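Starting from the known structure of chain S, fit chain F onto it as the hints suggest.
As a plain string of letters, each chain reads:
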Amino acid sequence: MLGALSQILEILVALVLAPLLLGWVNQWRAWLQNKSGPGVLQPYRLLHKLFLKDAVVAEHASPLFRAAPYVVFGCMTLACGIIPTLSTDLPLSPAADAIALVGLFALARVFISLAAMDVGTAFGSLGARREMLIGFLAEPALLMVLFTAALISHSTSLTTIVDTLAHRELAIYPSLAFAGVAFTIVSLAENARVPVDNPATHLELTMVHEALILEYSGRHLALIEWAAALKLFAYSCAGLALFFPWGVAQADAPLALLVATPILVLKLAIGGVALAVLETLSAKMRIFRVPEFLATAFLLAVIAMLVRILLQA
Amino acid sequence: MSPLAGQLINLFAAAMLLLAFAMLSQRRVLTLIHLFALQGATLVASTAVVGYATHQPHLYLSAGITLALKVFLIPWLLHRVINRLSVRWDVETLINIPATMLIGIVLVIFAFNIAAPIAQLSASVARGTFGIALACLLLSFMMMITRSKAVPQVIGFLAMENGLFFAAVSATYGMPMVVELGIALDVLVGILILGVFMFQIREQFDSLDIRHLEKLKED
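Read top to bottom, the protein sequences are chains S and F.
In terms of my numbering, the first sequence is residues 323 to 635.
In terms of my numbering, the second sequence is residues 1094 to 1312.
The shape of chain S in the complex, shown without the other chains:
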């Protein structure tokens, strides 16, 4: 009963807080660039506006084009549901482990790329190709990061990993430090943040994520934007759960759930500022440099795993 409660609470928190996190990051980016910024509530306003508008669909669009936003949104909601952010007592978590989580992200990516190519515009296919390029390089690195954490806790189940990591005694783990850096690089690439893609631009030559969703409007676009915010939220929460797991409620401590929510909000707020700083400091790289960038992430993740095996550290 309590498990179901924490599961529902976790998904609700994700749905409500995800746009706020996006707004927070954008607001900090604006502040760091000496602009006044649109305010942290801007993503909610955007979603509200888009949900009220009519959806326009291209004449030749197949049912896949209409279905894709719902699939993507569903994938991201489920991903937020299985990452232990508030509690490790989640009924959904036995259904999906760390590998399935990567699979969920991949499923969403496949659908959004197919939908982008479905209408047949040039930008759609261009964006889809770039997205797949980035995705297929980022995925192995993400898997390696998760495997490093899985090696430490001898399980690929996310709740077990977080349980083990939260209960270890305080020690320096070089492997986790490497994995953390690798994870940061992967999340920058996967969430279309600055060194890889600029979420604020519509310049044809550089856009990746924006090119994918160019044909969407109205409620479809709202769902996709919301899903993008959820993806950022999911990645942030996964990073926090793996590398800063303190404050997550355990299965046998129901009251800790009350404490866990403010702690999560605090951690996300700090993480959001860090992301904004990172984005402000780095310049957008050429698309052909992205493989190198992601190869670095893969390398770091593999080193993390090797260091873990050799030094037990």
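I should point out that these hints are in silico values taken from the structure, not numbers from a laboratory.
A few of these clues could be false.
Here are a few chain F residues that face chain S, going by a calculated C-beta distance under 8 Å [said to hold, decoys possible]: (1) Q1100; (2) N1103; (3) L1104; (4) L1110; (5) L1111; (6) I1190; (7) I1196; (8) I1198; (9) G1221.
Just the calculated beta-carbon pair ranges, DEER-fashion [as the list claims (entries may be wrong)]: (10) S:A422 to F:V1282: 54 to 62 Å; (11) F:A1161 to S:P360: 15 to 23 Å; (12) F:Q1149 to S:M607: 43 to 51 Å.
Nothing here was measured: the structure is a model prediction, and the numbers come from that model.
Here a beta-carbon is modelled for each residue, glycine too, at the ideal position from N, C-alpha and C.
Relative to chain S, chain F alone:
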């Protein structure tokens, strides 16, 4: 030995490995020198920690020599050389970095496998890091192979010496003092001679690309 010392040794070993990879993939000469100095500093720190953990005062002395030589003197000499050669902002574009890194990973696995049985013979507190030391050695060696310019090759050579020193510290708490002093002097003289070589190479070929040296062989 306190657990913290063991963790610090592991941390520094991991940082050494990371810096070896960073040097392998770095295109800019200037950043390469900075990375080399940083690797030297990591080496100093780990030697000092091993010395502290095992109560071996002579390791402090080796750490001191390394600090003076590899963190201050040699990077300073290299800075002077690249200023004089005006290759300060030189960028190498020839190497395929992702492929080099993948080969580097294979080298690391190879080194770890070779080191595992040797490390078991050692009674040192830092025996786990022997594999990393060997990997740093091989990676620097590979850096020397993949680079075609003279300055990065010299830095690769010096980084290889870092790896050797680290291996000695991790497996047997360092070499006898005489040997260490001898090697330190060798490296110093080596860098001076190699500096002269670089000037000569440039004089002869108007470039620091050592592939021009192939022309020297007689047909």
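Quick rundown of the hints versus the structure:
1. The beta carbon of Q1100 of chain F is positioned within 8 Å of a beta carbon in chain S (closest approach about 4 Å), and the interface hint is therefore held.
2. Proximity of N1103 of chain F to chain S holds as hinted, the smallest CB-CB distance being about 4 Å (cut-off 8 Å).
3. Nearest Cβ of chain S to the Cβ of L1104 of chain F: about 5 Å, under the 8 Å cut. The hint holds.
4. The interface hint given for L1110 of chain F is met, as the beta carbon of that residue sits about 6 Å from the closest beta carbon of chain S, less than 8 Å.
5. Look at L1111 of chain F: its Cβ gets to within about 7 Å of chain S, closer than 8 Å, so that hint holds up.
6. Contact between I1190 of chain F and chain S, as hinted, is supported at the beta carbon level, the nearest pair being about 5 Å apart and thus within 8 Å.
7. Checking I1196 of chain F against chain S by beta carbon gives a least distance of about 11 Å; that is not within 8 Å, so the hint is violated.
8. Taken as an interface hint, I1198 of chain F checks out: its beta carbon lies about 5 Å from the nearest beta carbon of chain S, inside 8 Å.
9. The criterion of a C-beta within 8 Å of any C-beta in chain S is met by G1221 of chain F, whose closest approach is roughly 5 Å, and the hint holds.
10. Range check, A422 of chain S to V1282 of chain F: Cβ separation about 60 Å, and the 54 to 62 Å hint holds.
11. Taking 15 to 23 Å as the suggested C-beta distance range, the pair A1161 of chain F and P360 of chain S does not conform, at roughly 55 Å.
12. At roughly 46 Å, the beta-carbon separation of Q1149 of chain F and M607 of chain S lies within the given 43 to 51 Å, and the hint holds.
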